[in-house]
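Participant: Residue-level listing of the chains:
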Amino acid sequence: MTDMALEGPWDIVVVGGGNAALCSAITAAEAGARVLILESAPRPYRGGNSRHTRNFRCMHRGPLSVLTDSYGEDEYFDDLMLVTKGKTDEPLARLAIRSSEECLPWMEAHGVRFQPSLSGTLSLSRTNAFFLGGGKALVNAYYNTAEDLGVTVVYEAEVTHVHLEGDRFTHLEARIGGETRRIEARAAVLASGGFQADTEWLTRAWGPAAANFLIRGTPYNRGVVLRDMLDQGCETVGDPTQCHAVAIDGRAPKFDGGIVTRLDCVPFSIVVNRDGQRFYDEGEDVWPKRYAIWGRLVAAQPDQVGYAIIDAKSIDLFMPSVFPPNRADTIEELAVQMGLDGASLARTVANFNAACRDGPFHPTELDGLSTDGVTPAKTNWARPIDTPPYYGYQLKTGVTFTYLGLKVSDRAQVHTAQGPVRNLFAAGEIMAGSILGQGYLAGFGMTIGTVFGRIAGREAAAHVN
Amino acid sequence: MSTDLIAEARRQTEICNACRYCEGFCSVFPALTRNKAFADGDITHLANLCHNCRGCYYSCQYTAPHEFALNFPAILAEVRQESWERHAWPRPLARFFHECGVAVAAALVAGFALLFGMLQALRPETGHGFYAYLTHGAMVALFLPAFLLPLAALAISLRAYWREIGGKRLQWREVVNAGKSAARLKNLDGGQGQGCNFEREDRYSDRRRWFHQAVMYGFLLCFAATSAGTILHYVFALHAPYGPFSLPKLLGVPGGILLTAGCAGLAWLKTKADPALGAARVWGGEMAFVLLLGATGATGLALYAATGTAAVPVLLALHLGTVLTFFVLLPFTKMVHGFYRFATLLAEEQKQHR
Ligand SMILES: Cc1cc2nc3c(=O)[nH]c(=O)nc-3n(C[C@H](O)[C@H](O)[C@H](O)COP(=O)(O)OP(=O)(O)OC[C@H]3O[C@@H](n4cnc5c(N)ncnc54)[C@H](O)[C@@H]3O)c2cc1C
Ligand code: SF4
Ligand code: SF4
Numbered sequence: 001m002t003d004m005a006l007e008g009p010w011d012i013v014v015v016g017g018g019n020a021a022l023c024s025a026i027t028a029a030e031a032g033a034r035v036l037i038l039e040s041a042p043r044p045y046r047g048g049n050s051r052h053t054r055n056f057r058c059m060h061r062g063p064l065s066v067l068t069d070s071y072g073e074d075e076y077f078d079d080l081m082l083v084t085k086g087k088t089d090e091p092l093a094r095l096a097i098r099s100s101e102e103c104l105p106w107m108e109a110h111g112v113r114f115q116p117s118l119s120g121t122l123s124l125s126r127t128n129a130f131f132l133g134g135g136k137a138l139v140n141a142y143y144n145t146a147e148d149l150g151v152t153v154v155y156e157a158e159v160t161h162v163h164l165e166g167d168r169f170t171h172l173e174a175r176i177g178g179e180t181r182r183i184e185a186r187a188a189v190l191a192s193g194g195f196q197a198d199t200e201w202l203t204r205a206w207g208p209a210a211a212n213f214l215i216r217g218t219p220y221n222r223g224v225v226l227r228d229m230l231d232q233g234c235e236t237v238g239d240p241t242q243c244h245a246v247a248i249d250g251r252a253p254k255f256d257g258g259i260v261t262r263l264d265c266v267p268f269s270i271v272v273n274r275d276g277q278r279f280y281d282e283g284e285d286v287w288p289k290r291y292a293i294w295g296r297l298v299a300a301q302p303d304q305v306g307y308a309i310i311d312a313k314s315i316d317l318f319m320p321s322v323f324p325p326n327r328a329d330t331i332e333e334l335a336v337q338m339g340l341d342g343a344s345l346a347r348t349v350a351n352f353n354a355a356c357r358d359g360p361f362h363p364t365e366l367d368g369l370s371t372d373g374v375t376p377a378k379t380n381w382a383r384p385i386d387t388p389p390y391y392g393y394q395l396k397t398g399v400t401f402t403y404l405g406l407k408v409s410d411r412a413q414v415h416t417a418q419g420p421v422r423n424l425f426a427a428g429e430i431m432a433g434s435i436l437g438q439g440y441l442a443g444f445g446m447t448i449g450t451v452f453g454r455i456a457g458r459e460a461a462a463h464v465n
Numbered sequence: 001m002s003t004d005l006i007a008e009a010r011r012q013t014e015i016c017n018a019c020r021y022c023e024g025f026c027s028v029f030p031a032l033t034r035n036k037a038f039a040d041g042d043i044t045h046l047a048n049l050c051h052n053c054r055g056c057y058y059s060c061q062y063t064a065p066h067e068f069a070l071n072f073p074a075i076l077a078e079v080r081q082e083s084w085e086r087h088a089w090p091r092p093l094a095r096f097f098h099e100c101g102v103a104v105a106a107a108l109v110a111g112f113a114l115l116f117g118m119l120q121a122l123r124p125e126t127g128h129g130f131y132a133y134l135t136h137g138a139m140v141a142l143f144l145p146a147f148l149l150p151l152a153a154l155a156i157s158l159r160a161y162w163r164e165i166g167g168k169r170l171q172w173r174e175v176v177n178a179g180k181s182a183a184r185l186k187n188l189d190g191g192q193g194q195g196c197n198f199e200r201e202d203r204y205s206d207r208r209r210w211f212h213q214a215v216m217y218g219f220l221l222c223f224a225a226t227s228a229g230t231i232l233h234y235v236f237a238l239h240a241p242y243g244p245f246s247l248p249k250l251l252g253v254p255g256g257i258l259l260t261a262g263c264a265g266l267a268w269l270k271t272k273a274d275p276a277l278g279a280a281r282v283w284g285g286e287m288a289f290v291l292l293l294g295a296t297g298a299t300g301l302a303l304y305a306a307t308g309t310a311a312v313p314v315l316l317a318l319h320l321g322t323v324l325t326f327f328v329l330l331p332f333t334k335m336v337h338g339f340y341r342f343a344t345l346l347a348e349e350q351k352q353h354r
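In the order they appear, the protein sequences are chains A and R.
For the first sequence, the residue numbers in the working numbering are 1 to 465.
For the second sequence, the residue numbers in the working numbering are 1 to 354.
It is worth saying that the hints were derived from the structure and are not from the lab.
Model, not experiment: these values are computed from the prediction.
Between beta-carbon pairs, the in silico distance windows are:
| # | chain 1 | residue 1 | chain 2 | residue 2 | range |
| --- | --- | --- | --- | --- | --- |
| 1 | A | D239 | R | A39 | 46 to 54 Å |
| 2 | R | C100 | A | T364 | 52 to 60 Å |
| 3 | R | V175 | A | D372 | 56 to 64 Å |
| 4 | R | A276 | A | D148 | 21 to 29 Å |
For lysine-lysine, the following BS3-like pairs were computed, each having C-alpha atoms within a straight-line distance of at most 27 Å:
| # | chain 1 | residue 1 | chain 2 | residue 2 |
| --- | --- | --- | --- | --- |
| 5 | A | K254 | R | K36 |
| 6 | A | K313 | R | K36 |
| 7 | R | K351 | A | K313 |
| 8 | A | K289 | A | K313 |
Some chain A residues near chain R, calculated using beta-carbon distances under 10 Å:
| # | residue |
| --- | --- |
| 9 | G47 |
| 10 | R54 |
| 11 | S119 |
| 12 | F131 |
| 13 | L138 |
| 14 | A141 |
| 15 | Y143 |
| 16 | N144 |
| 17 | G258 |
| 18 | V322 |
Just so you know, even glycine gets a beta-carbon here, dropped at the ideal spot from N, CA and C.
The whole structure should be built from the sequences, with the hints applied where relevant.
Facilitator: Below, the structure written as structure tokens:
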């Protein structure tokens, strides 16, 4: 592309290259707009956190594509209220839920393929539609569709400033090929995700412990645009100090470890800290309902690290881990392998074992098999750790996304204290705080991105047409 | 067994087993979720279940430059290739022809030379059609061992392979089910009929499946044509040349066309696909094999078209030389994939249902 061509003026410039960005670019291009996508990642890493996803949560009144049975608006909304403890914007949430049903056929029509829910996730077959090949396949399909529609994509193009004048967006600045380029467009869609990859911001918000957190997704969501919008007085929602964090395999890479680093062993284990001490009820509830709190629990321990210990009885009860566990024939030996003090771990295990009682054990339901006389108690699945070989997994805190976001209207429009910015829209993680104040419902991130991506694309195109 | 290859394949398999996003593409993923730990034979089995559609490469979030450096299609291709070479007899010959396209071409030239020599030396006094150039007896004396010995060698290899992947005594139902998926090349459809990510990178395409179907059915038709000729000859004492509406021609002509066109198509796709997602080391040998297979069809058609002309003796030598080379090299070329794959489908049936 010649330099002049890049500078525009474009009809619409889309900031970001994940699900929300692509849905809005495709929608706008189909409405006849000339669209430019600026993606800060290089091509192999395009697609942000969306490339790590596996499904989206979809309302449906009867069987739909791979989804079984039905999942109505109210049930969906109740599920959401449960995880957010009521911190939900009801009109926007209901808009997302209601629109999700028409998203599925739209996604299929734009190249996304679905598959039945993955083995080990049967509980989601009614509520969540899984992407064949996962999120990267979805992202690839959308890039192909966008390319066929004539959308221009520039990779390694980090947007550094989005310029507002009064109630209008005028142009933006982006780092491309080592230079800062000024790009004009008649409307813009911001879909550049959260700020979780900016460790400094994270430590400012959370405290120094955050330096030890692992980031489950892309290193490119550094919140540059979000910060720029805050600096220009755009309205925000969501708790700036909060992020969605889960306990993941401690050997995961700092960034982009994705889905495989999750560990499902906690309910069948005891979890100790650096000093070999237990610190929370490992069997409080089924894992899908508890994995999100373990991110925080581990974050509160010394060095932000935990160690899950199981024995041979439990090794086949959960999904395999990406790295093989530590394994030893005695607890002391296992402790040494994991860098723990053998004597104190052995003492913790012995105390725990002494508190276990006989009773029926059901790995897939709350079985009430709890300890008696140990603190903290383990209230389900409490079986003694007594059958070698013993296995150990290191746990660290893995951040999925941050909650702080731009406040948008039901037209996906960005606001300042003076009112809406007429030609500036936002979609996806960057505005998810408008809907979710805390907590998270599996598959809702992609629903928000798809629904508001399409709304933003439609509204931006309507503005320029 | 190459421990390095197996270890690398195991590493990637374990990552996939923790992920499973690609479950819907093919039978490899459902098969791997049956295990948590993978013995060497399990890895070989998975590798031979894979047909290199590459869906799991283009949709993988862990391909290089990510530090997990997933390239599942390539590592499975390498393990698969190594398993064919390791079980082949004689082994060095297998590695040589699998890898080296020039060697396949040289073997072809040798095949031509042999046939030209025979035509010169053994020209009969009488005879019809191409028996005017080479007697039926001479052809049988040449082709019977050239056909049976390689098959015998292959049978020995397959037995060893079957043991490695833990195959058991077969049941009739397993043969029927495996036969059904093979006949439809079911697994080449990408799981939903969208095809492979072969020559168009991350876009799906059905071309590879259709060309492969043409090759497979073309080959089977040609084989049936030859068998029909043999039966007519020995059972009904009806000798070649056969007319255009005879069974050998009705089977052979469409078979030859399908085989030639299919091979040309596959060779073309191969030039467009990324070699780094397959067993790159054997690219040349594979290409030579596809062309050799296509040439058996093309020369056969040319020979038929030339009936009654002066070109017959030359084309006869070319055709028979090609066919001879194809058979003699059979245990040492990509041709073995059909046999290994079928054995693997049988074993997969057993593993799923026993
Ligand atoms: C491991 C993992 C698994 C998940 N699984 C699921 C799931 O199964 N279902 C689900 O619904 N949600 C899931 N989520 C959450 C989901 O990923 C997000 O909700 C969703 O992807 C957000 O989409 P988005 O388009 O807003 O952001 P992203 O997909 O993250 O896209 C942001 C884009 O902006 C680009 N960008 C950032 N800054 C700039 C800049 N300054 N200039 C230009 N471009 C920039 C980035 O490179 C990226 O392309 C998962 C998250 C993770 C980490
Ligand atoms: S190839 Fe990649 S995306 Fe597919 S299952 Fe394996 S790890 Fe997951
Ligand atoms: S290349 Fe295709 S057939 Fe082979 S494992 Fe991957 S998806 Fe399955």
